[in-house]
Structure formats: structure tokens, C-alpha cells
Amino acid sequence: MLVSFNLVMALAAVPAALLARRVGPGRAAAVGLAIFAGAGLACAVSEHLSTLIAARSVQALGGALAVTAVLELLPATVGSERRATAIWATAGATGAALGPAVGGLLTELVSWQSIFLIQVPIALAAAVPIFAVARHEAATGVLSTELRRTGRPHLLANLALAMVSAAIAGALFLLVLLLIEGWRMTPIGAAIVVSVMPLAAYVASRFDHLVSSAKARAAAGTILISGGLGGLALLPKAEVALTVPPQVMVGIGLALVLSALTETALAGRAPQAIHGGWTISARHAGVVIGLLALTPIFTHDIAEQRHDAIDAGTAVILDSRVPPLLKLDLAQRIESRLQGEKGKVPTIGPAFDPLPSDPEERDEVVLLREELQDQLNRGATHAFSPSFGLAALIGLLALIPIGLARRVDL
Amino acid sequence: MSEETRGRALVGGALLAAIALVGIYLAAGGSSYTPAKPQDPCKHRAWRSPEGLQQIAEQFTLSALDGAACQLGVSRETLARALATPESRERFTERYGISDEELARAVRAGLLRAVDDAEEAGALNPLLAVPLRETLKSIPLDQAIELINNAESLLDNAQSFLGPAQGLLEQFLP
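From first to last, the protein sequence lines stand for chains A and B.
Here the working numbering is used: the first residue of the first sequence is 838, the next is one more, and so on.
Here the working numbering is used: the first residue of the second sequence is 2, the next is one more, and so on.
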């Protein structure tokens, strides 16, 4: 579902921008938002995965139309094209980082359907003022000549955007999975933890005007994202606090690099909607590539680590000093937990309940439980390391196009 | 501060922060994790000077699991979980393509190895080891598994049988 939404966005962004130019950005944005809202409603009432994916794809079409068209409308609202680009880029960066946190909160507090339902009034509320603009605008009707007149997109900036987006997808997607699947946190707990990233991105976006060189901001942001991902790949322990510094780095990097590269890709280019479409396309293509590259790696690694950790944990039990019958009983209960969790990293605690009544045995069993849980947590954490490492490498590779772009500065 | 200096400072700061984070996490053991690999069940594991019936039974169980796991080519840990319930045993035999007869042979071999180990460790009287081996050679699978799971009862019964018999033998033997 995640891939389908991003794939449609990647494919539809530029055609949607062309359409927005033809029918007028106000109309396009209003229609895009209406489609987004309607498809969001369809997502919420979907009963099957196939219909959910279809509705989400339609939602991506509406989103592509609205997002690219809005870029044409913003300069008139905020006063300048440069300011409009900055706001548009910052909104994109903050939204990308905020998504998993808000999604996790809503899933836990209400339901997964609420993620889509809440989008409906928000999209419609945004569409209302745009409708007023749309009523007074005339269609430009330039579709046939538009591509020739707009010139080529900024290849290096868009390439770097795609690579950085692949790395960011890794950071967000993998971290949420590590917290929920690996460390067995609740979605709300994971949402609170990953909210560090958008918070850092938001704070950093307040200060990114202090350095006007887009090249410096892009390079610094990329280095921070890769460094943060490197930190996540090398987590020394399964402790939430240890994810905070890497998240702060990724968040700051995200704010710096996305705005710098988007501004660069749009600087001096017109129409803004179409070049904005290229940046949207590059970003979402990067997310798709990131997900497709990283998912098989961590899926394989987590299955292997789970097996190794369980074996190591059982070895701890068999070699322990608890009575033999209790050992085998524990092995039996762990086996039951494994079957119940169906391939996930299991919560092992309940397998040890009820604890033995004999105080000495109980102490031994509590120690065993901690040791086994530690094995599982460390195994799960380590299972994500290669994927985080690869995401960091992809991020670092974005330095190549950034370095090659001689005219990155605005 | 010029614009260029500020840009360089930003990149330099980012680089320092990234290197510091990775360095600190590496120093804290971020790359040192390797799961504790279970030992090779075919390698002999010395008994930990057992004291009392319970500890002898524990070592006996572990030796039997090692012997059976070695025969089947799986880890002792995997086999211990497999023998926990009839359902887990069925899943195990299906997954590894092992017939009940093969499993029975392996478990018997494991029990025989446990008797050898117990004898070698001085935990089992040699007079008892001989008939015990004979009994175990043809024991049905379910009983064999029960013996692995509850070696204490087997050894307890055997010792109590041997108690008077050993007294008699000692009277007649030089």
C-alpha cells in the first residue's frame, strides 16, 4: 500500500502539473483536494486490501494534482516565488516526517480507518478557499507546448532528492518497524518516539535561513541523515533513548536537505508547478526505491535473527541452574509463544508466568527471563542494522550529485 | 561571518556530529553483537560435577538431548523445543522431513549417550548402566521422550532398584 501510493505519486506528479497548467491551478488544486478527500473516505470504508490499495492510488492522483497546483498558487498568497518555494518545501519535509507519528497515534487511539477519515475534513477545508480562486481563473490551455517551454528539470537536484528520499524512507519506515515489530512497542508508543524526527525537522526549518547556500545546506543535511542512519545501524542496546540522537540528526538533516534541493530544483525555472512536479516525482520515486531495496533485506535478516535469538535464549535456559523439569516446561511455553506470534519477534515475558513459588527458583527464572528477552531484543535490533546501514549509504551517495551541481546555490 | 564561512561551518558541524554519533555508538558496542550460537551437539560436553539426583537427572537430560540432536543434525535447543509437546514434535518432524522411526532411533541414541556420559562422570553405577542400555535400545518413542523430559524418575527408580541389588553383589563379589 505504501509502495502503491508513492509509485502513483511518482508517476502522476508531472502529468498532474501539466493538467494544472491547462485547467488552471485553482481548479486543479480544488479538484485534486476533492479527489483526495473522496478517495480518503473510500480508504476508510475499504474492507479488502485490494480496494484499499486502489483507493489509496486514487488518493495519490488527487494528491499529486493538489500539491503541484498549490505551488502555482502560493506566490500570490505569500508575496514571492522564493518564499513560496521555501514554504512548499518545508511543508513537504515536515509532512514526510510527521506522517508515521500521526498515523501511529491515530491507529492506537482510534483505529487505522481514522488515519484516512481525518484527511477528509482537512482536505475539504483546504479546498474551500481554493474554490474561490478557481472561480475567477481562466484556463491557460498550454498543454501541448508546455513541456517544450519549461525546459529540462534540474537533473542533479532531482537525483539527489530521490536518493535522499530513499534514505529518509528507510529512517522512518525501518524505525517504526524496529520499535513495533522488534521491540514490541505499541503503535502509540512508537508514534511518540518517532515524533522526535518531525519535531527536530520543524525546529531546524526555523533556522535554515541562517545559511543561504543551498549547496551547503544540502550537503550538511545529507551528512546528518546518513550519520543518523549510521547511528541507528549501530544502536548499542535496545533502548528507546538511544534512538533520540540519531532521530534528531535525521530530522535536522531532513529539514535542511529537502528544502535546499527543492528550492534548487525550482530556482529560476518556470512554470513552478511542473518543476515542482518533477521534485515530487523524484521524492516519491526515491521512497519507492528505498522501500523496495530495504524491505527484502530486513525481512530476511529479522527472520534469521529471530531464529538465532530463540536458539541462543533456549541455550541460556538449558544451561541454567533451574530444575530440569522447569527448564523443559519453559522450553515448551516458549515454543507456544513462538507459534502464537507467527514469525514476529515474540514477547517472551508471559511464557515465564506464573513464576515458581519457591523464592530461589523464582529468582533464577526472573534472571532467565531477562537474559532471554535481552537476547531477543539485541537480535531484533541487530536485524535492522544492515538495512539502516544501506539507507545511510544511499544517503551518502546523494552527496555525489550535490557535489557535481555547480550551480546549486540560489 | 561571511556566507561561505557559514556554509563551511554548517557542513563541518554536520560532519563532526555524524562522526561523533557513529564513533560513540561504535565505542559503546554498536557493532559487537553476535547472537550466542548454540554449541555443536555432537561435541562432548563435560558434566558439571553433579551433586544429588536432581543435578544428575539434569545432566542426563542435556546429554540425551545432545545425542539425539547430533543424530538428527539439529541443535539441542531446537530439539528441546520440538519435544515439548506432541504438536511441536509434529511440526518439527514435518519441517525437517524426519519420520517417527528416525526420531525414535535418534532419541534412543541420545539416551544411550546420556548413560555413557553419566557412567563416565561417575554419576551412574556401571552395574546399572548395562541393563539400562539394554532397556533403552528398544524403548518406544513416547516413553523415550518421557525419559528425556523426566530423567529424574528413571534414575530414581534405577537407584532404588540398585540399592538392595548392589548390597547383595557386594556381599558376593571380592
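Honestly, the hints are just simulated from the structure, not real lab data.
Be careful, since some hints might not be right.
[Unchecked claim] Computed beta-carbon distance windows for the label pairs: (1) 127/B with 1074/A: 18 to 26 Å; (2) 20/B with 1211/A: 28 to 36 Å; (3) 1174/A with 5/B: 58 to 66 Å.
[What the hints assert, rightly or not] Okay, derived cross-link-like pairs now, DMTMM-like style, lysine to aspartate or glutamate, Cα gap no bigger than 25 Å in a straight line: (4) 1074/A with 884/A; (5) 138/B with 117/B; (6) 44/B with 88/B; (7) 1074/A with 1138/A; (8) 44/B with 1138/A; (9) 44/B with 1145/A.
Even for Gly, the Cβ is constructed at its ideal location relative to N, Cα and C.
To see whether the hints hold, each was checked on the structure:
1. Distance hint for residue 127/B and residue 1074/A: a CB-CB separation of about 51 Å, inconsistent with the stated range 18 to 26 Å.
2. Range check, residue 20/B to residue 1211/A: Cβ separation about 29 Å, and the 28 to 36 Å hint holds.
3. About 60 Å separates the C-beta atoms of residue 1174/A and residue 5/B, a value consistent with the hinted range of 58 to 66 Å.
4. Pair hint residue 1074/A plus residue 884/A does not hold up; C-alpha atoms about 40 Å apart against a cutoff of 25 Å.
5. Using a Cα cut-off of 25 Å, the hinted pair residue 138/B and residue 117/B holds, with the two alpha carbons roughly 13 Å apart.
6. With a C-alpha separation of about 29 Å, the suggested pairing of residue 44/B with residue 88/B is violated against the 25 Å cut-off.
7. Using a Cα cut-off of 25 Å, the hinted pair residue 1074/A and residue 1138/A holds, with the two alpha carbons roughly 18 Å apart.
8. Of the supplied pair hints, the one linking residue 44/B and residue 1138/A is violated, its CA atoms being roughly 28 Å apart against a limit of 25 Å.
9. Straight-line distance between C-alpha atoms of residue 44/B and residue 1145/A comes to about 20 Å, which keeps the hinted pair within the 25 Å bound.
Hints 1, 4, 6 and 8 from the earlier list are contradicted by this structure; the remaining hints agree with it.
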